[in-house]
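Between the sequences and the hints, there should be enough to build the whole structure, so can you do that?
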Amino acid sequence: MEALRRPSTITFFVLLAIAAVMPMVLGQAKFPQWLEVALGGLLTGVLYSLVALGLVLIFKASGVFNFAQGAMVLFAALTLVRLAEKMPLALAIVLTLAVMIALAWLIERLVLRPLVNQEGIVLFMATLGVAYFLDGFGQAVWGSDIYTLHVGMPKEPKIILEGFFDGGVLVDMEDLVAAIIAAVLVAALTLFFQKTGTGRALRAVADDHQAAQSIGIPLNRIWVIVWSVAGLVALVAGIVWGSKLGVQFSLSQVALKALPVVILGGFTSIPGAIVGGLIIGLGEKLSEVYLGPFFGGGIEAWFAYVLALVFLLFRPEGLFGEKIIDRV
Amino acid sequence: MIYRETGQFKTTYASDQQLFPILQDRVFVIGALAFAFVAVPFIASDYMFRAILTPFLILSLAALGLNILVGYCGQVSLGTGGFMAVGAYAAYNFAVRIPQLDLLVIFILAGLCAAAVGVVFGIPSLRIKGFYLAVATLAAQFFIDWAFARIKWFTNDIPSGSVSAPPLEILGYGIEGPQRKYLLVLAIVSLAALVARNLTRGAIGRSWMATRDMDVAAEVIGIRPLTAKLSAFAVSSFFVGISGALWAFVYLGSWEPLAFDVNRSFQLLFMVIIGGLGSILGSFLGAAFIVILPLVLNQLPAMLGIPLSTAMVSDIEFMVFGALIVFFLIVEPRGLARLWAIGKEKLRLWPFPH
Amino acid sequence: MKHELRIKAAALLMAAAGALGVAADAAAQSSKEIFVPVLVYRTGAYAPNGVPWADGFVDYLKLVNARDGGVNGVKIAYEECETGYATDRGVECYERLKSKHPVAFSPLSTGITYALTDKVYGDHIVLITAGYGRADSVDGAVFRWNFPMMGTYWDGADILVQHVKEKGSLKGKKIALVYHDSPYGKEPIPVLEALAKREGFELLKLPVTAPGVEQKATWLQIRQQRPDYVFVWGWGVMNSTALKEAIAVSYPRAQIYGVWWSAAEPDVVPAEMAAKGYNGLALGHSAEKDRPIHKDMMKYLYDKGQGTAKDKSEVGNVLYNRGMLSAILTVESIRSAQKKYGNRVVTGEEVRWGAEHLNIDPARVKALGVEGMLQPVHTSCMDHGGSHAARIHTWDGGSWSYTSELYKSEPKILDPMIKASAEKYAAEKKLPIEDCGKSS
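Protein chains in written order, with this note's numbering: chain A, 1 to 328; chain B, 1 to 354; chain C, 1 to 440.
Careful, some of the hints might be misleading.
Claimed, not checked - Now the in silico label distances, taken between C-beta atoms and shown as ranges:
no.	chain 1	residue 1	chain 2	residue 2	range
1	B	I123	A	V21	27 to 33 Å
2	B	D102	A	V310	36 to 42 Å
3	B	I221	A	D207	29 to 35 Å
What the hints assert, rightly or not - Computed cross-link-like contacts, EDC-like style, restricted to lysine to aspartate or glutamate with a CA-CA straight-line distance of at most 16 Å:
no.	chain 1	residue 1	chain 2	residue 2
4	B	K129	A	E119
5	C	K429	B	D46
6	C	K429	B	E169
7	C	K100	B	D46
8	C	K119	B	E176
9	C	K98	C	D68
10	C	K424	B	D157
11	C	K430	B	E169
12	C	K119	B	E317
13	C	K98	B	D102
14	C	K276	A	E85
15	B	K129	A	E156
16	C	K75	C	D118
17	A	K155	C	E272
18	C	K430	B	E176
19	B	K129	B	D46
20	B	K129	A	E317
The set of hints was computed from the structure by calculation and includes no laboratory data. It should be emphasised that the depicted structure is a prediction, and the values quoted were computed from it without experimental measurement. The C-beta atom is built at its ideal place from N, Cα and C for all residues, glycine as well.
Structure follows, in C-alpha cells:
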C-alpha cells in the first residue's frame with residue numbers, strides 16, 4: 001500500500017478524478033446521467049478484473065504471461081453451458097471445474113515442463129499457441145453457436161434514486177451481481193493465499209523459485225495448483241461474461257481487454273488487478289460517452305490501451321507492481 | 001562434405017566481408033534467385049502465383065521488418081498490423097491524390113510514412129520493456145485501426161470505408177496478371193532482404209543486438225538507446241509499411257481496416273518466432289510455414305479421403321496451428337532458421353561419419 | 001540423441017507439409033457438372049449467423065440434384081470454403097476455387113464482395129450477392145458481374161424510413177443507427193443522411209467496433225439521447241449483444257428495427273422473451289417453415305439423412321430461408337442461361353447473361369415452392385437487383401410474424417445516388433461503362 005503514497009500515483013489519481021468529472025463541469029452532462037455511466041463503467045471494470053485475476057495469479061507464481069486466459073474463459077463457459085443442457089447446473093459446474101483442473105495438469109505437463117528455462121517471450125508464444133488450440137478444440141467439441149447460460153442472473157435493470165433525480169439512475173443488476181461475485185472471489189483468494197499452507201507455498205514460489213525448491217516445495221505440483229486456480233477464476237469469469245453476452249467465440253477476445261488492466265495494476269498484484277480494472281472500466285465508458293462523439297465514436301477500442309500506455313510512461317511497473325531492477 | 005569451406009581463401013578484405021563468404025552459400029542463393037526470377041514465372045500455375053507465392057513474399061517482407069524489431073533489437077511489438085495499415089492507406093492516398101507519382105515512389109513514400117508512425121509509437125520503448133511494451137504496441141494497433149475506420153480523409157471520403165487500389169503501373173509498364181505481380185513483389189522483397197542483411201551486419205545492426213542482449217550494458221559502452229531503439233522501429237516499420245502497401249495493392253486489390261487487425265499482428269509474430277528470431281532467412285521460412293499450413297490442412301482431409309465439414313476443418317486448423325507452435329517452441333525454440341543452420345552443419349561431414 | 005530425433009522429425013514434417021501444400025493445386029473439375037462454390041463461415045464470431053445460411057444454400061443445391069437430377073439434367077457440384085468473414089481468407093478461397101471453373105460466387109460478406117468485385121472483371125465469374133454487397137452494383141452498366149439480388153442496403157434503409165414515417169412525421173425526431181464498423185455497417189449511411197435532410201430528422205451514428213461485444217457505452221448513450229427509433233445494422237454476435245444491452249437500459253424493443261441480417265433467430269433467442277417486440281426487415285421472406293420447398297427438403301434430404309443442418313428444426317429459419325433463396329437465384333440464373341445457350345455446362349459469361357435476364361414471375365415463384373417468400377425478380381442491364389421490396393416482421397418471444405405491408409424503395413432518391421457512385425468507381429478503376437441500350 002505504500003505504492004499508493006508515491007507522488008506519481010497520487011498525481012495520476014488526481015488527474016483521473018479531474019478528467020472523470022470534467023463532463024459535468026463543462027455542462028455536457030447532468031449528474032444522474034454521469035452517475036449512470038460511471039457506475040456502468042465501474043461495474044464493467046470489475047468484470048475485466050475477473051479475467052485479469054487469472055493472468056496475475058499465473059504470472060505471480062510462474063512468471064508466465066498466460067495469453068490463453070481468454071481462451072480458458074471461453075472453454076470453461078462452453079463446457080459448462082453444454083453440460084448444463086444435460087444435467088443440473090450444480091453438477092455441471094463441478095464437472096467443469098474438474099475439466100479445468102485436468103486442463104491445468106495437461107498444460108503444465110505438456111507445455112510448461114518442456115519449456116522450463118526458456119525466455120519469457122518463448123513462454124508467452126507457447127501460451128498463445130495454447131490459446132489457439134483451446135479456441136479450436138472448444139469449438140470442435142462443443143460447437144460454434146451462441147449458447148444461453150441460465151444461472152439466474154437478473155436481466156432487467158433497476159432504476160434507483162428516482163425521487164432524487166429526474167429519471168433516476170439506471171443500475172445494471174446483472175453487472176452488480178457479477179461485481180459482488182467478483183468481490184467474493186477476491187476475498188476467498190486473499191484468504192486462501194494468507195491463511196492456508198498451499199497459499200503460503202504459492203507466495204513462496206512467487207517470491208523466489210529456487211529458494212522455494214530448496215525448502216522442499218514441489219514446483220511442478222504448485223504450478224498445477226496455480227493453473228487450476230486460474231482455471232477456477234476463468235470458470236467464474238466465464239459464467240459471469242457468458243451469462244451477460246451469451247457463450248460464444250468472442251468471449252476469448254474479452255481477454256484482450258484484461259491486458260491494459262494488468263498493465264495498470266501491475267503484473268504481480270491482485271489488488272492491482274481490481275483497481276486497474278475499475279480505472280480502465282470507468283475511464284473507458286466515460287470517454288466513450290462524453291469524449292467519443294467528438295471523434296465520431298468507437299474510441300472504446302483503443303482508449304484502455306492508450307490509458308495504460310500513458311500510465312506506463314510514468315510508472316513502467318504499474319500501480320502496484322514490483323519495480324524491475326536491471327542487473328548488468 | 002558438401003558444405004566444407006576448406007580451400008576457400010580470401011585474399012582481399014572485400015572478399016572476406018562479402019555477404020556470402022562461403023562458395024556453396026553463394027551458389028545456393030544465386031541459384032535460388034535465378035530460379036525464382038527466371039524459371040518460376042514459366043512453370044508455376046496461376047493458382048501458385050496468386051494464392052501461394054505472392055502472399056508468401058509479401059508476408060515475408062513484413063516478417064522481415066518485424067524480425068528486425070523483435071529478433072535483432074528485442075522490442076516485442078504486437079502492432080505490426082497497424083503499421084501495415086499505415087503503409088497501405090498512405091500508398092492509397094498518394095496514389096489517389098497525386099496520381100502522377102510512379103508506383104515505386106509511392107511505395108517508398110508509404111514506407112516512410114509507416115516509419116514515421118513507427119517512430120512515434122516506438123517512443124514508449126525508451127521507458128517500457130518486455131511484455132509491457134507488447135501491450136503498449138497493442139495501443140498502436142487498435143488506435144491505427146480506429147483511425148482508418150473513422151477519419152474519412154484517409155479513405156477519400158468513401159462512405160463504405162472500403163478502398164480499392166488503382167491499376168498498377170510502373171514507368172508506363174502495366175502490372176497486370178499474376179506473373180508480373182509476382183515479379184514485382186519478388187524484386188522488391190529481394191532488394192529489401194539485401195538491405196536488411198547489410199543493415200544487420202553493420203554498426204547499426206550491432207547496436208540493435210547489443211540493446212537486445214543487455215540494454216544497460218550497451219548504454220554503458222556508449223550505444224545510445226534512443227538511436228538504437230528508434231532506428232529499429234523506423235527501419236522495421238519502413239519494411240512493414242511497404243509490405244502493407246504491397247498486400248493492399250497487389251494481393252487484395254480492395255481492403256478495409258479489418259484486413260490489418262490484431263490477428264494479422266499475431267500471425268506475423270508467429271512467423272517470426274517459428275522462423276527464428278534474429279535471422280533474415282528465418283523470416284522467409286516462418287512466412288512459408290504460416291502461408292502453406294492452412295492450405296495443407298484444408299487439402300489434407302480431402303486427400304486422405306476423410307469427409308469433414310468445413311467447420312471441423314477450420315477448427316482442426318486452429319488446433320493444429322496452436323499445437324505446432326508449442327511443438328516448435330519445445331523442439332527448437334530458435335526456430336526453423338536454426339534447423340537450417342544445423343542442417344548445414346551436418347552437411348560439413350555428410351556423407352562421412354566424422 | 002532424443003533431441004536429434006525430434007529435430008529430424010520436425011524437418012521431415014516440414015518437408016512433407018511443404019510438398020503437400022505446393023501440390024494443393026486444385027484438380028480440374030469434371031466437365032459434366034456445373035461448379036458452384038460457397039464461401040461460408042461455420043466458425044468464429046459470425047458463425048451463429050453464418051451456419052444456417054450455409055445450410056440453406058447447400059441444401060438447395062443438394063435438393064436440385066436429388067429431386068430434379070440437376071438443372072435440366074446437368075448436376076451441380078459445390079464446395080464450401082471457410083472464410084471466417086475475413087477478407088483475405090475470402091480472397092484466398094476465391095483464388096483457390098477459381099481453377100475449378102466456377103460459374104457464380106456467393107461471398108456472404110460485403111467486405112469480401114468489395115475485394116472480389118475488382119477481380120471478377122478479369123476472371124469472368126458472376127458474383128451473386130443476394131441481400132448484401134455493394135449497393136451501387138445495381139448499376140449493371142458499370143458492375144457487369146455483380147448481382148445484388150432481392151435488395152440492397154440502400155433499399156433497406158429507405159424502406160425502414162418509409163415505415164417509421166407512417167407512424168408519424170419524422171420532422172424533429174431522432175433516429176440512432178447502431179452499426180457494425182465495417183463496409184457492411186457503413187453502407188446505409190449515405191441514404192440515411194440524405195433522408196435525414198429531406199425528412200428533417202436527426203441521425204445519430206453509433207459505430208460498434210467488430211466483433212461487437214462492447215456495446216454498453218453505445219446503449220448508455222442511447223438511453224441519454226432518447227432517440228425515437230434505433231436501427232441496428234449488425235452481424236454475428238453484435239446483434240444479440242445489441243438486444244441484450246437494449247434490455248439492460250430498458251430501451252423499448254418495439255422502437256428497435258434491425259436490417260434483414262440483424263433480425264433472425266440467433267439474434268433474438270439469447271434474449272428470449274425479453275426481446276419481444278423487436279422488429280426487423282424481412283427481405284421478402286421470414287421464418288416460413290411450411291412451404292412446398294420445405295416439405296421437399298424433408299422428403300428428399302432430411303428423411304434420408306442427407307440434410308446439411310445438424311438439427312432438422314433449423315430448416316425454415318430466417319437465415320436458412322435466405323441461404324436457400326440465394327441458391328435458388330443462383331440456380332435460376334443458370335437455368336436462364338441454359339435457356340439461351342443450351343442444356344449443358346454453361347460458362348461464367350453465359351451465366352452472367354442468364355443473371356442479367358432473370359425473370360422470376362409469380363407463377364415461377366409458386367412453381368419453385370417458395371410462394372410468399374420471394375418477391376418476383378426481374379433483372380436487366382440497368383437493374384442487377386431485380387427486386388427492391390421488403391416488409392417488417394416482429395418477434396413475439398417465440399416466432400416471427402409480419403407486421404406490415406410490402407414496401408418498395410424509392411427510385412427517385414436512390415437512382416441518382418447509385419449512378420453517381422457507380423460512375424465514381426468506373427472512373428477510379430478506368431473501367432468502360434456499358435451502354436445498356438445496346439446489350440443483348
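Outcome of the hint check:
no.	hint	in the structure
1	B:I123 - A:V21: 27 to 33 Å	holds (30 Å)
2	B:D102 - A:V310: 36 to 42 Å	holds (41 Å)
3	B:I221 - A:D207: 29 to 35 Å	holds (33 Å)
4	B:K129 - A:E119	holds (14 Å)
5	C:K429 - B:D46	violated (23 Å)
6	C:K429 - B:E169	holds (13 Å)
7	C:K100 - B:D46	holds (12 Å)
8	C:K119 - B:E176	holds (11 Å)
9	C:K98 - C:D68	violated (27 Å)
10	C:K424 - B:D157	holds (12 Å)
11	C:K430 - B:E169	holds (13 Å)
12	C:K119 - B:E317	violated (27 Å)
13	C:K98 - B:D102	violated (31 Å)
14	C:K276 - A:E85	violated (24 Å)
15	B:K129 - A:E156	violated (45 Å)
16	C:K75 - C:D118	violated (29 Å)
17	A:K155 - C:E272	holds (11 Å)
18	C:K430 - B:E176	holds (14 Å)
19	B:K129 - B:D46	violated (45 Å)
20	B:K129 - A:E317	holds (10 Å)
Hint violations for this structure: numbers 5, 9, 12, 13, 14, 15, 16, 19, all remaining hints satisfied.
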